[in-house]
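Visitor: Going down the list, the protein sequences come from chains A and B.
The first sequence maps to residues 1 to 523 in the working numbering.
The second sequence maps to residues 524 to 851 in the working numbering.
Keep in mind the hints are simulated off the structure, nothing from the lab.
Hints are supplied without guarantee of correctness; some may be wrong.
Calculated cross-link-like contacts (lysine-lysine; reagent style PhoX-like; alpha-carbon spacing at most 20 Å) [stated by the list, open to error]:
(1) B:Lys799 - A:Lys396
(2) A:Lys376 - B:Lys719
(3) A:Lys376 - A:Lys339
(4) B:Lys719 - B:Lys650
(5) A:Lys376 - A:Lys387
(6) B:Lys799 - B:Lys719
(7) A:Lys339 - B:Lys799
(8) A:Lys339 - A:Lys396
Next come the chains, spelled out residue by residue.
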Amino acid sequence: MSRPLLEVTGVGKSFPGVRALHDMRLDLRSGEVLALVGENGAGKSTLMKLLSGIHSADSGEFRLRGEPLSVSNPRQALELGISIIHQEFNLVPHLTVAQNIFIGREPRRWRLLLDERRLNTEAGQLLERLRLPLDPKAAVGSLTVANQQMTEIAKALAHDPVVLIMDEPTAALNDAEVETLHGLIRRFVGDGTGAIYISHRMEEIRRIADRVTVIRDGEYMDTLRVSSASTDRIISLMVGRAIDTSAQPANVRADRDVVLEARGLRTTLLTDVGFDLRHGEILGFAGLMGAGRTEVGRALVGADPLTSGSIVLHGEPVRIPNPAVAARHGIGYLSEDRKRFGLLLEQDVKANITLACLRERFATAGFVNDGAARAKAQEYLGTLRIKTPSLDQITKHLSGGNQQKVVIAKWLAKDCDILIFDEPTRGIDVGAKEEIYQLLNELAGRGKSIIMISSELPEILRMAHRVVVMSEGRVTRILSNNEATQENIMHYATLRPDRNAEDAAELGISDVHTGHSRKAGQP
Amino acid sequence: MTAVKTAGESGFAGVVKSRLQQLLAFASLIVIYAFFSFASPFFFTYGNFTAILFSAVVIGTLAIGTTFVIIAGGIDLSIGTGMALCAVMSGVFLVKLGLPLAVGVPAAILFGGLIGLINGINVALLKIPPFIATLAMMLVAEGLALVLSDSTPIYFNDVEGYVEISTGNLISGVNFPNAVLVLLVVALIAGGLLTKSVLGRYTYSIGSNEEATALSGINVRKWKIAIYAFAGLFIGLAGVMISARLGSAQPATGMGYELQAIAAVVIGGTSLSGGKGSIVGTLIGALIISVLNNGLQIMSIPQEWQNVILGCVILVAVYTDRIRKKEA
């Protein structure tokens, strides 16, 4: 066997109080895509940070093409041929695609002046070579999330790297875009180059990777050939136990009372959205990025203003101008971006759980009754199985799954009957996902009505009693549990009535504005 | 990690860690105090001790109100000139209109609340960034103070009992100025409100994550206005305290106090990005500034150099806080 392109042996790294990596191993061969999988906190990000020189290892060795490799800062990593695409974008929204691609090494004239023309030409050539349909002069902030991701990738490849490392590169991409990305990776990988692909999505790993290295709790588990390893085997290596992946929605019944009716909702991004939500039901919302699913959630709680349409709650029409009113009506919204919209990361668990209900439940004459608040929060630690050393733990130190449970506890404490989950398991590892699913089923079983917005079809199929499929800001179909199949959902999710007359006809829509362009939905 | 990254701090070590910035600030206060005590024979006396506390009153009062605003993720630049305006208003109420003390003083304090209320409305409803909204208010207050007083000081000579609000001794026989008692009482009240009241909790919540707080069903706009208005009461109180101490309302003396007060808040460990801070820290910060001002004066260091040193102290204080956070 030939010498590996990149070799990691016996690498250890500790932070105060945490052993992030211990005796880590990994080898990337020339011409291959190596998938790296592990639960959140397994040590993937730490390994990336060591490779990009953000941290330095306590022990162990890195070799690139057999030569010892020591990286002390990200710039040096790039010069040595290691390009890393982090999960969070490192783009400057106000600069153009070209400016972002060449940031820090812009072509100059007379050493001082920027050569904007050469910058744009070179970026244009690069994009053409990569077959990316991006305008070098477009401001990155105006691009869709998917195109921003592509810009990030072009930026990484502009350095002509030997090793390309990608951390969850497809989190914001739909299937077609994932395919574009995979094409790029396949063209990049060749003699003398290789890619490391970090992902949670097993189907993608199956499509793109040759081998998969599994790590757990900062330790190397095993490296398997993707073609011969079953998904269950990989997952059980990751989480240390077997997980049932064939579960079905629970308690599906058609005879439930309607709790909430949405009629003809319109916002700047939604057109005539209507559906019913029933008592004790999990209503799935499926669709591609930018289909308007998140916007439905935001419109229901008054976070985005309705231009027309009505919401009927328990038979009474209600007006919901802002989230405070929604909360008073018992509607809670759990954002896909928990850290930004859901949690007070720097505050303790107790403060987060009691945030929404503080005033009506735990305050007398403007003062907080701490004992009662603490007791109630403690109760939720038990019922929701939140793993935290104490109520006083700062929330950012919890894992993604436990953070999500803290947000759920917040809304349960507020006595919400309707819970809107936007991507309930985003950024949550496989083991904890299953627990969130159980929790959702329990909540529905107790009579809570749940709207579950998800980009993961398996999740929709596994959980939803009925599925609302959306495309371009419209509801294209509401499928019952029996009708909901992967193919069916994808069919209705990809109808584009605004651009395609046939699709419009299929949906019975006549008032279509042709040539109407839409921005992708904001996260 | 599936479960939890760091173990929860408990017991003494936990208290030390969570209060480290305050303990550090307190330790530096002791060190600075000890330094001046050795450096000058005139520093370590009871008279000078009360003088330091006395001078901490105005900065401390302003800083306590500002602590709320800064923890909520805002800033208030209008507190210095706002204080001068409230002092002038106190003169208008008590001297020009001849209102009784029991009406005029609360009215002056409420006028501070009004300044804060307007700041709050500008920030929360009109969505003007706090820096700009309160910068504008700083100029408005400065101008109004001069206009309302015809640019001349208003003397409280004929208002019986006014000066005693600051310089009198409520505890008879002990030389402990009322002003210091006032500061301690308001600090206790503010500390209680910050840690125990709904207003205090929402102050932290809004500063930690305004959007998440709003999506949790809390009327953030209303609470932000309340926070600024509440902090405004301290502007009014500071106006009363400074004019009582001087025996006159000086319309042009406010400028510069806002920076000293903000410095006190920051030295006390409150994060300018919001979500963190305490009244105890702010009090220590105000004392550090007063001790420095007083000590440097006693050592006959020129005013210009005093500012240089104060600037450096702020940098060191914030830098140690950053280092500590990086290590944690």
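Visitor: Each of the hints needs a verdict: does it hold here or not?
Guide: Hint-by-hint comparison with the structure:
Note on Lys799 of chain B and Lys396 of chain A: the hinted pairing holds, with a Cα-Cα distance of about 15 Å set against a maximum of 20 Å. A hinted pair counts as satisfied when its Cα atoms are at most 20 Å apart, and Lys376 of chain A with Lys719 of chain B qualifies at roughly 17 Å. Straight-line distance between C-alpha atoms of Lys376 of chain A and Lys339 of chain A comes to about 23 Å, which puts the hinted pair past the 20 Å bound. Between Lys719 of chain B and Lys650 of chain B the alpha-carbon distance is near 28 Å, which puts this suggested pair outside the 20 Å criterion.
The straight-line distance between the Cα atoms of Lys376 of chain A and Lys387 of chain A is roughly 16 Å, inside the 20 Å bound, and the hint therefore holds. Under the criterion of a C-alpha separation no larger than 20 Å, the hint pairing Lys799 of chain B with Lys719 of chain B is consistent with the structure, at around 15 Å. Between Lys339 of chain A and Lys799 of chain B the alpha-carbon distance is near 17 Å, which keeps this suggested pair within the 20 Å criterion. Pair hint Lys339 of chain A plus Lys396 of chain A holds up; C-alpha atoms about 8 Å apart against a cutoff of 20 Å.
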